[in-house]
Amino acid sequence: MRLLSYMGQWKSAAKEVLDRTAIVAKFLCLLHVTNNYLCSPTLVYGPSMLPTLNLTGDVVLAEHVSHRIGKVGTGDVVLVRSPVDPRRILTKRVVGMEGDTVSFYVDPMYSQTTVVPKGHVWIQGDNTYASSDSRHFGSVPYGLIQGKVFFRVWPPDGFGTLEQ
Amino acid sequence: MGTQSLLWNSVKKFLTCGLIGLTISDRYASIVPVRGASMSPTFNPRARNFTDDYVLVEKFCLKKYEFSHGDVVVFCSPSNHKEKHIKRIIALPGDWIGTTHNSHDDVLKVPKGHCWVEGDNSASSMDSRSFGPIPLGLVKGRVTHVVWPPQRIGLVERVFPQERVSSFK
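Going down the list, the protein sequences come from chains A and B.
So for the first sequence, this note's numbering puts the first residue at 1; every next one is plus one.
So for the second sequence, this note's numbering puts the first residue at 1; every next one is plus one.
It is possible that part of the hints are untrue.
[Said to hold, decoys possible] Restraint-style ranges between C-beta atoms, simulated for each label pair: (1) B/W148 <-> A/L4: 23 to 33 Å; (2) B/L22 <-> A/R88: 22 to 32 Å; (3) A/P108 <-> B/G18: 34 to 44 Å; (4) B/L22 <-> A/Y45: 26 to 36 Å; (5) B/S166 <-> A/R20: 49 to 59 Å.
[Stated by the list, open to error] If we take Cβ atoms under 7 Å as the criterion, some of the chain B residues that face chain A in the derived model are: (6) I20; (7) N80; (8) H81.
Simulated from the structure, these hints should not be mistaken for lab results.
Predicted model only: the values in this text are computed from it and were never measured.
Even for Gly, the Cβ is constructed at its ideal location relative to N, Cα and C.
Just need the whole structure built from these sequences, with the hints factored in.
So, in structure tokens, the structure goes:
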């Protein structure tokens, strides 16, 4: 008799645990889709985008819609998966799109000109003295672009859109 | 009133299933059709079949980007980011690969962070022999099994031409 009532309680408790787990799972799926297809906050750090982005780290918002519909263009700051190490994501500015002619300085005396191939982009850091970018590893395929940075959230005195 | 809430409930259920399906296919595994004969006889062994082969693509490899020689992978085309191709990885970063360029035999070193991909059907395959080594960041998943048609269900083996690749580590 008591065993039956225990089983009833256990069954309703198990059902409640399952319901709560389902809600958490659905929330995590929503978080994944938002972070990968809409907008996500990212911590970016390093000297290669001074003075646009700080050395010690900024929290920026990146949107993941433009690069899927092909709306990334010259002058955009983008998150790019590094062609040298696929586990790293770089933050650089797009300086040339496919078909553009790009000139860059290999050393202070000698400049080189290349044409960006089809399906590729040329990326450079704003701080040309401390940035490893397309001047070193060449044009990168458009498919490596992960998102476009459009807003800075932290530090508070830099809150707002990024300068061009 | 009743049909309105019923409609709203169905829309909510549909959206939830869509979100869950999208998350699973991005993070864990998905099933994709193989188009074309560039991977014959591994996939689509006869050009004029009624249906394409369907394969299981796993996404766990995208956490560490560690691949082995002979893995079949799905990647974004370097010349058109909207197209996805399925080819086999023949050489990994740092390997020397033997190619034939304009009837001259040549040996290339695969740069850091890149890989050399080729289709199993060399006669009709657009691969690294035309567009060069591709960054590993373009890889979107690894093919592990064939799941359709039923008579060809099975594991996808890791084979590659060892005589053309040398890895000095």
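Each hint, compared with the structure:
Take B/W148 and A/L4: their Cβ atoms lie about 48 Å apart, and the range 23 to 33 Å is violated. Between B/L22 and A/R88 the beta carbons are some 25 Å apart, a value that agrees with the proposed interval 22 to 32 Å. The supplied range of 34 to 44 Å is broken by A/P108 and B/G18, whose beta-carbon atoms lie about 55 Å from each other. Between B/L22 and A/Y45, the C-beta spacing of about 30 Å keeps the proposed range 26 to 36 Å intact.
With their beta carbons about 56 Å apart, B/S166 and A/R20 fall inside the hinted range of 49 to 59 Å. With 7 Å as the threshold, the beta carbon of B/I20 comes within range of chain A, its nearest partner Cβ sitting at about 5 Å, so the hint holds. The criterion of a C-beta within 7 Å of any C-beta in chain A is met by B/N80, whose closest approach is roughly 5 Å, and the hint holds. At about 4 Å, the closest approach between the beta carbon of B/H81 and any beta carbon in chain A falls short of 7 Å, and the interface hint on this residue holds.
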